[in-house]
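Working from the sequences, and respecting the hints, build out all of it.
First to last, the protein sequences are chains A and B.
Here the first sequence stands for residues 1 to 63, where the numbers follow the numbering used here.
Here the second sequence stands for residues 1 to 200, where the numbers follow the numbering used here.
Among the hints, a few may not be true.
To be verified - Quick partial rundown of chain B residues pointing at chain A, CB under 10 Å, derived from the structure:
| no. | residue |
| --- | --- |
| 1 | Asp57 |
| 2 | Val155 |
| 3 | Glu158 |
To be verified - Okay, derived cross-link-like pairs now, EDC-like style, lysine to aspartate or glutamate, Cα gap no bigger than 20 Å in a straight line:
| no. | chain 1 | residue 1 | chain 2 | residue 2 |
| --- | --- | --- | --- | --- |
| 4 | B | Lys187 | B | Glu198 |
| 5 | B | Lys187 | A | Glu35 |
| 6 | A | Lys51 | B | Glu146 |
| 7 | A | Lys51 | B | Glu185 |
| 8 | B | Lys187 | A | Asp60 |
| 9 | B | Lys188 | A | Glu35 |
| 10 | B | Lys187 | B | Asp141 |
| 11 | A | Lys51 | B | Glu158 |
| 12 | A | Lys51 | A | Asp41 |
| 13 | B | Lys187 | A | Asp21 |
| 14 | B | Lys188 | A | Asp8 |
| 15 | B | Lys188 | B | Glu146 |
What the hints assert, rightly or not - Residues from chain A that face chain B, not an exhaustive set, calculated with beta carbons under 10 Å:
| no. | residue |
| --- | --- |
| 16 | Arg9 |
| 17 | Ser11 |
| 18 | Ala12 |
| 19 | Asp15 |
| 20 | Leu43 |
| 21 | Ala49 |
| 22 | Pro58 |
If you are wondering where the hints come from, they were derived from the structure by calculation, not from laboratory data.
A quick note: this is a predicted structure, and the numbers were derived from the prediction, not measured.
We put the CB at the ideal spot given by N, CA and C, even for glycine.
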Amino acid sequence: MTDSHVQDRLSAWLDGALPLDVANRVEQHLKSCPECAAARDALAEQDRALKAALTHEPGDEYL
Amino acid sequence: LNESARRIPCEGSGDEDALVRSAQAGDPRAFAELVRLHRRSVYRICYGITRRHEDADDLAQETFLRAHRAFSRFRAGEPLMPWLARIAINQAYSLFRHRKRRPETSLEPLVEAGEQWGVDDDPADHAVSAESRRLVAAAFDRLGLEHRAVLALRVEHEMSYEDIARTLNVPIGTVMSRLARARAELKKHLQSLRGEPETS
Chain A
1 MTDSHVQDRL SAWLDGALPL DVANRVEQHL KSCPECAAAR DALAEQDRAL
51 KAALTHEPGD EYL
Chain B
1 LNESARRIPC EGSGDEDALV RSAQAGDPRA FAELVRLHRR SVYRICYGIT
51 RRHEDADDLA QETFLRAHRA FSRFRAGEPL MPWLARIAIN QAYSLFRHRK
101 RRPETSLEPL VEAGEQWGVD DDPADHAVSA ESRRLVAAAF DRLGLEHRAV
151 LALRVEHEMS YEDIARTLNV PIGTVMSRLA RARAELKKHL QSLRGEPETS
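In structure tokens, the structure reads:
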């Protein structure tokens, strides 16, 4: 599995949407590839920031 | 009220299927309860796509109006939320088409996020988080609606791939590939906004 292949799968891996065997291969690769591990961390951070940007509670008064 | 409507508890029962059947049988209280149960979720999906309270409010109201008109066509037994979310997203498409532009950037979420910070948090973290949110919001505003919708459903609303597929009426494989493209596109815009060289 190349770095490129792992990075292509990071979105689905973060969502827990990969079949177990593929997810296991991705996890094994991440342990030995700093570049892909950094891409995983960056994507997770991007998701966290996006969730904060998109979340809005209108409050009990509205609801 | 007919007999079946009388038998269905309409306040806080949590039995969505029973409420749906009762509403389809003509009980307005059952539909009102379904609105109450799902109003927050529908609003949050609308806000996740538009990032404007006024638009989210309008879209949420329009979603329930349209849902009420079409409610006899909803298949009882299926989860209601994906169906409501699909109506909401279709309304967002209509809104964007009508305006012929992407939604305006708003600083509202940033201000609100700031108000949610607790007193025990590290101020240094606030600065990083605020900048991060500001940038990602600006990058999100550059995305097309297809990518905004799938990201809002997954990242903000934490919907399962199965429910997103049902909502968007596409196969699960399409949800997976669309999410990967949307995240990659968002990353590209973030790099552009930061003045960084684009990476794969």
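If you draw a straight line from the CA of A/Lys51 to the CA of B/Glu146, is it 20 Å or shorter? holds (17 Å)
Given pair status - A/Asp60, B/Lys187, alpha carbons within 20 Å: violated (34 Å)
Take a quick look at whether B/Lys188 and B/Glu146 sit within 20 Å of each other, Cα to Cα. Holds. B/Lys188 to B/Glu146 sits at ~16 Å (cutoff 20 Å).
Within 20 Å, alpha carbon to alpha carbon, are B/Lys187 and A/Glu35? The given pair, whose Cα atoms are some 16 Å apart, holds under the 20 Å limit.
Are A/Ala12 and chain B close enough, Cβ to Cβ, to be under 10 Å, as the hint says? holds (5 Å)
Next pair to validate is A/Lys51 with A/Asp41; report whether the Cα-Cα distance is within 20 Å. Holds: A/Lys51 and A/Asp41 sit about 15 Å apart, inside 20 Å.
Restraint: A/Ala49 near chain B, CB-CB cut 10 Å. Satisfied or not? Interface hint status for A/Ala49: holds (4 Å vs cutoff 10 Å).
Could you grab the alpha-carbon distance between B/Lys187 and B/Asp141 and see if it respects the 20 Å cut-off? holds (13 Å)
Tell me if the straight-line CA distance from B/Lys188 to A/Asp8 falls inside 20 Å. holds (15 Å)
What's the verdict on A/Lys51 and B/Glu158, does the C-alpha distance respect the 20 Å limit or exceed it? It holds: about 10 Å lies between the C-alpha atoms, which stays within 20 Å.
Next item in the hint list is B/Asp57. Is there a CB on chain A closer than 10 Å to its CB? Hint holds; B/Asp57 Cβ to chain A Cβ min 8 Å, cut 10 Å.
Restraint check, 10 Å cut-off on beta carbons, for B/Glu158 near chain A: Result: holds, 9 Å to nearest chain A Cβ.
The structure does not agree with the numbered hints 8 and 13 stated previously, though it agrees with the rest.
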